[in-house]
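Undergrad: Listed below, chain by chain, are the residues.
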Amino acid sequence: MQSQSLLKRSWDIRKEKMHYGWEKAKRMKICYLFLAPYAVLFTTFFILPIVTSIYFGFTYYNILEPARFIGFQNYINLVLQDEVFLTAVKNTFVIAVITGPIGYILSFLFAWFINELPRWLRTIAVVVFYAPSIGSGAYFIFSIIFQGDAYGYLNSLLLQFGLIDAPLLWLLDPKYILPVIILVSLWMSMGTGFLSFVAGLQGVDRSLFEAGYVDGIRNRWQELYFITLPSMKPTLLFGAVMSITSAFNVCDVPRALAGYPSTDYAARTIVTHLFDYGFSRFEMGYASAIATVLFLIMILCNKLIQSGLRRVGT
Amino acid sequence: MSQKKQKITRIEQPKTQSRAEQLHYLAQLRGEIEEEKPQLNKKKFIIISLIVLALLAGILVYSNYMLDAIENANLDHRTTSRTLLLMLGRDPEVILGGSDAVIDEELARVNAWSSIFLVARLAAIVGLIAYGFYAIITLLQPKRRKPNRSFWGDLGIYTMLFIIAVAMAFPLVFSIASSLKPLDELFRFPPKVFPDHPTFDNFSDLIVTMGQSWVPFSRYLINTVLITFLGTLGHVIIASMAAFVLAKYDFPGGKTFFKIVVTALMFSGYVTGIPNYVIMSKLGMIDTYWAIILPAFAAPIGLFLMKQNMESLPDALIEAAHLDGAGEMRIFWTIVMPNVKPAWLTIIIFSVQGLWNTNAATVIYSESKKTLVYALQQIQAGGIARAGQAAAVSVVVMLVPIIIFICSQNQIMETMSSSGLKD
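Protein chains in written order, with the working numbering: chain A, 32 to 345; chain B, 5 to 427.
Simulated from the structure, these hints should not be mistaken for lab results.
None of these values were measured; they are calculated from a predicted model.
Glycine included, each C-beta is placed from N, C-alpha and C at the ideal position.
Be aware that one or more of the hints could be misleading.
Stated by the list, open to error - Mimicking EDC-like on lysine to aspartate or glutamate, the simulated pairs with C-alpha atoms at most 16 Å apart in a straight line are:
(1) A:Lys57 x B:Asp254
(2) A:Lys55 x B:Asp254
(3) A:Lys60 x B:Asp95
(4) A:Lys60 x B:Asp319
Said to hold, decoys possible - Partial chain B-side listing against chain A, Cβ under 7 Å, derived:
(5) Gly131
(6) Tyr135
(7) Leu159
(8) Gly160
(9) Ile161
(10) Met172
(11) Tyr253
(12) Leu269
(13) Ile278
(14) Pro299
(15) Tyr369
(16) Ser398
(17) Ile406
(18) Ile410
(19) Ser412
(20) Leu425
To be verified - Covered stretches of chain B (in silico footprint by chain A; criterion: 3 or more residues with CB under 8 Å from a CB of chain A, positions within the stretch not fixed):
(21) 56-63
(22) 213-225
(23) 236-246
(24) 259-266
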């Protein structure tokens, strides 16, 4: 009897809450009006694609014929039959595991180092570090630097110093493609996250440093760990989201440098694989399955990093 | 919170700093006392500088000289090799009396030295750079230097920063330099970074080539400008309206919506490209400008930055306007928007950068609707004959966003300072 009444009570409370929420929603009509244009577009071009790609992941769909439901067949094929996909996953993880954390840490460290420079010098430094990631197509220059013949800048340099006898095919030899791509991605990794770090560091409360000084913070590293990092947690989270994005969505750089498709699929990433199936073979169902896998990986990484960052400085 | 405090107090009090010194420092920080210039003994500094510079320059010149001499000694003519080996200070009896084999042996021995001189030269160069920073830091001491910073730490960090900055800037400088090279210099061996005879030929060739293209060049330009303008305008208005209510009103569903937007920050256009293509084709927007413009309206980064920025606006401002009888629309246009000027400048810039760089090859097929970047990439794909123009193209595409960024740097920094994600 007791339990039933409890259940009933909780039900009542919920109903009350719903009612209250509904009333509130009605009073705030204008808010929904303001939100509506954005919400409609956002749903159409960001939510709907994600939902449809989950749906199409379970179908065979080639745009011309209507989608045919085939259950988990796409995912089974991905893992069991598609060796190129496994190469792509491996490559993406190698690139993401190296460029993600290193790029993230480097962009924080550089932001922190330039923080105490005089203003004009800081501006120059920000432009120098940030320029590679906005000057789109700037990575094109690496195809000249890493060119495979003796006219390539790196090759000719190495030849002059006698370190190699014959020019190396940096962008065609499967041995070198991945390191080159990682290098270029690292070069481009000071993106939006870096900007927000620079701005966030300027906003840390100065009185905290004074207090820390009196309490015996002796050097810059202690100050970084005990004061700066904990008071920048929100910015750090934002930077983490940004670096996950750029680490997992590597696509343009391998396509521009290593060719598409690359030798032996050595530069194949999940996103280029997705492009191959989606826009070259028009197997939209299969491509959607790939996209779904990528979504899951990224959301999982984000959760892991968030829980990790919460522990900083405590 | 209490845990954090404990951690900090657990560090020992520094022995070297007396209470008086600490108080003095705090007073300096607050600007109550004019800080005395750090005791910079000019005489001592100059003497040390001269010694250090002389030493480094000596090493540099000597190792350069030795490297040259070693290189010359390797020349094939035995007589010259002999003289040069003598000049290098080898034993005259061995050199003059020795056979060619002995000379070769001597040469090998001398060559072994060359790597040491190479290292010495490199060390001298690094030393000179480090010294430059030392001098700069010493002479331009910041007015309020934090006392818990070690001098050598500063020196190390700034030296490293300088070297890395040079490495980061090199590809950009290299691409600008190669766009100024005439064709014969582009294919010179060994390649040089800076051109001997800089010209703007590549750029003028680019304009000529574009004038002859099937679709007039101005068409590509107009396409891009139109897309960029419309996309940015719509994005700023729509995203700020949404950001305004999300930041300033508490209504059911608002927080959840924002969380979804933050998650969507992670998904770049590539990943949603496939399903987006399907959706566009269902909506009949393939091969129209809308396929680029409409998704740009809803870019999550703009809403995100705008909302974080608007949260710092005082609530009282909006309440006061409410009491005066202003409607939401009026509050939005006359009070909120003028107050977040840096934020909307920032999202304008991000949006322009994004749209300027789209090649949109997947959703636009007719040649007359293609964007500037796409046309330029076609020229880049032209191979060796177009190598000079390709270099010019990459400079054109690259410089526009960078220049926009430099011009609006201050506003962007102001906006980004509120970009934190609260969990």
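Undergrad: Could you check the structure against the hints above and give me the numbers of any it violates, in ascending order?
TA: 3, 4, 5, 6, 7, 8, 15, 19, 21, 22
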